[in-house]
Amino acid sequence: MTIRKYLVILSVVFFGSVGDAFLARGMKNAGAIDIHHLSRVFSALANPFVILGIFFLLAFMSSYMTALSFADLTYVLPATAISYVVMVLLSIFWLHEHVSPQRWIGVGFIVIGVGVVAGGPSRTEHPAAHVPTTALKERA
Amino acid sequence: MRAFYTWLCIFITVCTAAAGDVLVALAMRRIGDLGEIRRRHGFSAIILRVFSSGVLFGGVFFMAIAFFSNLIGLSWADLSVVGPASAALTFVTNALGARFFLHENVDRRRWLATIFVCLGVLLLTWS
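Residue numbers (our numbering), protein chains in the order written: chain Z, 1 to 140; chain P, 1001 to 1127.
These are calculated hints, taken from the structure and not from any lab test. All values reported here derive from a predicted model rather than from experimental measurement. Hints should not be assumed to be uniformly reliable.
What the hints assert, rightly or not - Not close to chain P: a few residues of chain Z, all C-beta gaps over 10 Å, as computed:
hint, residue
1, 10
2, 11
3, 14
4, 20
5, 25
6, 56
7, 74
8, 109
9, 114
10, 120
Claimed, not checked - Covered stretches of chain P (chain Z as the covering partner; in silico rule of three or more C-beta atoms under 8 Å from a C-beta of chain Z):
hint, stretch
11, 1005-1016
12, 1033-1041
13, 1047-1053
14, 1089-1095
15, 1101-1113
Note that beta-carbon positions come from the ideal geometry of N, C-alpha and C, so glycine has one too.
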């Protein structure tokens, strides 16, 4: 894993959690949407926080796809779960929500999980992907 | 009956979210390292390869189904039930999907990480 690849993983975390926080803030401003009046979702699209949230989530999707282009799904998903921790921090400092001790224990579990997976290899090497150079010479 | 529909929704959310993630991962593996492609062929090559991948669009389609099924589930049951159940179970089904469909090496370390993250998400969202 190079620094560039770690930065891509970090950008998945950053864009995902900040995008979710923007969407949550925007939807709070827009008010509750009843199941019988789902069309009100479209009026929420005019909210600047919702618009920002959508842009951040598009950036999340592109960095997520970039991460999957060089790492396994079972590496990317646990590694980017640190975004749950970022969301807790954002909910404390930005949305001024209360975080219970139970949630802090949850944060601890996620940090351990991320630490465990980040120490291992990021990609499964399939035998088909490695054709021996001698075989290539024979084919040539 | 409402509980049945709620769990049906959670089941559909978990399965379609896993299918979406597995298909997107498969598409990106076939496309190759985007950083490498950009260096060799330029940014336009990335756009061309990504937008011509049917598997990728299949993945996005399943992700969209998961999103709407989750929304419907939330309209029938509390966030404290639907949120943790779908998030935690999706980690497990993704690991199984990656193991059996993508043939990833899901070793003891990755299972341990998945279980820790699962428990963490459950504690974080089940309040």
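Hint-by-hint comparison with the structure:
no.	hint	verdict
1	10	15 Å, holds
2	11	13 Å, holds
3	14	18 Å, holds
4	20	12 Å, holds
5	25	17 Å, holds
6	56	16 Å, holds
7	74	5 Å, violated
8	109	3 Å, violated
9	114	7 Å, violated
10	120	5 Å, violated
11	1005-1016	violated (count 0)
12	1033-1041	holds (count 3)
13	1047-1053	violated (count 1)
14	1089-1095	holds (count 3)
15	1101-1113	holds (count 10)
Hint compliance for this structure: hints 7, 8, 9, 10, 11 and 13 are not met, and every other hint is.
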